[in-house]
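Trainee: Now for the letters of each chain:
There are 2 protein chains.
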Amino acid sequence: MNPLQLFDTESSTFTYLLFIPGQTAAVIIDPVARHWERDLQQLDRLGLSLTYVLETHAHADHVTSAGKLCQITGAKSGAPTGCGIGPADLQLNDGDRIVFAPGEELYVIHTPGHTAGSMSYLWRDNVFTGDALLIDGCGRTDFQSGSADALYTSITTKLFTLSEDTKVWPAHDYKGRSVSTIGWEKTHNARLAGCNRTDFIALMKNLHLPKPRLLDIAVPANENLGLSHDA
Amino acid sequence: MNPLQLFDTESSTFTYLLFIPGQTAAVIIDPVARHWERDLQQLDRLGLSLTYVLETHAHADHVTSAGKLCQITGAKSGAPTGCGIGPADLQLNDGDRIVFAPGEELYVIHTPGHTAGSMSYLWRDNVFTGDALLIDGCGRTDFQSGSADALYTSITTKLFTLSEDTKVWPAHDYKGRSVSTIGWEKTHNARLAGCNRTDFIALMKNLHLPKPRLLDIAVPANENLGLSHDA
Chain V
1 MNPLQLFDTE SSTFTYLLFI PGQTAAVIID PVARHWERDL QQLDRLGLSL TYVLETHAHA
61 DHVTSAGKLC QITGAKSGAP TGCGIGPADL QLNDGDRIVF APGEELYVIH TPGHTAGSMS
121 YLWRDNVFTG DALLIDGCGR TDFQSGSADA LYTSITTKLF TLSEDTKVWP AHDYKGRSVS
181 TIGWEKTHNA RLAGCNRTDF IALMKNLHLP KPRLLDIAVP ANENLGLSHD A
Chain G
1 MNPLQLFDTE SSTFTYLLFI PGQTAAVIID PVARHWERDL QQLDRLGLSL TYVLETHAHA
61 DHVTSAGKLC QITGAKSGAP TGCGIGPADL QLNDGDRIVF APGEELYVIH TPGHTAGSMS
121 YLWRDNVFTG DALLIDGCGR TDFQSGSADA LYTSITTKLF TLSEDTKVWP AHDYKGRSVS
181 TIGWEKTHNA RLAGCNRTDF IALMKNLHLP KPRLLDIAVP ANENLGLSHD A
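Top to bottom, those sequences are chains V and G. Quick note, the first sequence lines up with residues 1 to 231 if you use the UniProt record's numbering. Quick note, the second sequence lines up with residues 1 to 231 if you use the UniProt record's numbering.
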């Protein structure tokens, strides 16, 4: 069962819509503010009812529409404990399960490193990895409570131990790619395949990436689910 | 079961990759020339083996990579009879079935109107409608053997008679939308909902659209599956 993958061309962010044919319940992961109407229209066209809106972390490169989507639809918001997203209905912890339709569970996997609170979500044979594991890469670890050491542990002990057939759906891609598998990333990922912890930490330390343009705006906004503090 | 939907930003074309978790067989519908490497990489990352590459029609707005993908992977090409795509391995007719994996069948539905040969493909609860039925619209009918009369018949008697839950995956969208359902289109489609044949023909006649920029290049190229005539 594949999710529907939606793309924001401004921030190269993927939003995911999870649903099962013949059932109305749907989950959205990592929605983007400027696409809230598109996402509501998707739900309408597919005859779906939104049950949960989940964040993988407090994003630094775009603003979420989670708060707005939940206000309009009545869905519950969920975000990782420790990401500072105080208003989320569910403060999620490693090992939590979210039942969004009969027999349909999302498993919450704490995968810190890009941020201290970052979560991945496992649904059937799909894992939504946020900015932890990307296709042939990984999220940066040089700001917002990032830790290369923690990210190495998360990827090698929590994500690479999933079934090799598990599809990897990241929060971003900048090269037109859309999906990978755990098996492919274990053997090919440019930053992790055949790379020990010491090498990985050194590699991440030497990336010297520029500060994200929206960091000072996006993080505080996302800590309030994208809602204005007046709302 | 959703297909993987890939997008070409130049021509706003959707390419679809169909596969079933745990099986290796895959089908690609309407691939775009400049993305042939991306599409091969997708197959590699997912551990998939391409069995068929199908065209919904001879496109006028982009060039296909069907020939190239088939040469490299050994997959069979399939195209509608009557679209002038002579080199295709399978010349498809209304009612044909393509078995691409055990128990997995694509049903070929002749839906003329955008072009005389245009086909739609039904797989499980998904229909790939090419340029016949679009989200909240339909393909143009003013060139390349188009016929508004034929398109009205195709959509109202062949597509709108599918189950209302059937997901509609078009060949294009120009407004960031990705998928719809037969039920939604029957009741909301701006050109077809509540519109009789006479009104529809008059509406399509009065669109006065500009000639597609690539028409004279793309159609001959696509009639040869995107392969150079020297190849």
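Take these hints with a grain of salt, some might be off.
Treat identical chains as interchangeable: a pair holds within one or across any two.
[Said to hold, decoys possible] Taking lysine to aspartate or glutamate and the EDC-like style, the derived pairs with C-alpha atoms no more than 20 angstroms apart in a straight line are:
1. Lys-211 with Asp-173
2. Lys-175 with Asp-136
3. Lys-205 with Glu-37
4. Lys-175 with Asp-89
5. Lys-76 with Asp-8
6. Lys-186 with Asp-199
7. Lys-175 with Glu-104
8. Lys-158 with Asp-216
9. Lys-158 with Asp-125
10. Lys-76 with Asp-136
11. Lys-211 with Asp-89
12. Lys-205 with Asp-142
13. Lys-175 with Asp-44
14. Lys-175 with Glu-37
15. Lys-158 with Asp-89
16. Lys-175 with Glu-10
17. Lys-211 with Asp-61
18. Lys-186 with Asp-44
19. Lys-175 with Asp-8
20. Lys-186 with Asp-125
21. Lys-175 with Asp-165
Hints listed in this document are in silico derivations from the structure and should not be mistaken for laboratory results.
Trainee: Take the hints in turn and mark each one as holding or not.
Mentor: Each hint, compared with the structure:
1. Lys-211 with Asp-173: within (18 angstroms within a copy, 34 angstroms between copies)
2. Lys-175 with Asp-136: Answer is within; shortest intra-copy Cα gap is 10 angstroms, inter-copy 30 angstroms.
3. Lys-205 with Glu-37: neither (39 angstroms within a copy, 32 angstroms between copies)
4. Lys-175 with Asp-89: neither (34 angstroms within a copy, 32 angstroms between copies)
5. Lys-76 with Asp-8: neither (23 angstroms within a copy, 34 angstroms between copies)
6. Lys-186 with Asp-199: within (16 angstroms within a copy, 58 angstroms between copies)
7. Lys-175 with Glu-104: Answer is neither: 32 angstroms inside a copy and 31 angstroms across each miss the 20 angstroms cutoff.
8. Lys-158 with Asp-216: For Lys-158 and Asp-216, the Cα distance exceeds 20 angstroms both inside one copy (30 angstroms) and across copies (53 angstroms).
9. Lys-158 with Asp-125: Within one copy only: 15 angstroms inside a chain, 34 angstroms across chains, cut-off 20 angstroms.
10. Lys-76 with Asp-136: Neither way: Lys-76 and Asp-136 sit 33 angstroms apart in one copy and 30 angstroms across, limit 20 angstroms.
11. Lys-211 with Asp-89: This pair counts as neither: shortest intra-copy Cα distance 30 angstroms, inter-copy 52 angstroms.
12. Lys-205 with Asp-142: within (7 angstroms within a copy, 59 angstroms between copies)
13. Lys-175 with Asp-44: between (30 angstroms within a copy, 16 angstroms between copies)
14. Lys-175 with Glu-37: The answer is between: 12 angstroms across copies meets 20 angstroms, while 26 angstroms in one copy does not.
15. Lys-158 with Asp-89: neither (25 angstroms within a copy, 45 angstroms between copies)
16. Lys-175 with Glu-10: Both. Shortest intra-copy (13 angstroms) and inter-copy (15 angstroms) distances satisfy the 20 angstroms Cα cut-off.
17. Lys-211 with Asp-61: The answer is within: 10 angstroms in one copy meets 20 angstroms, while 40 angstroms across copies does not.
18. Lys-186 with Asp-44: between (38 angstroms within a copy, 14 angstroms between copies)
19. Lys-175 with Asp-8: both (13 angstroms within a copy, 12 angstroms between copies)
20. Lys-186 with Asp-125: within (16 angstroms within a copy, 33 angstroms between copies)
21. Lys-175 with Asp-165: neither (22 angstroms within a copy, 33 angstroms between copies)
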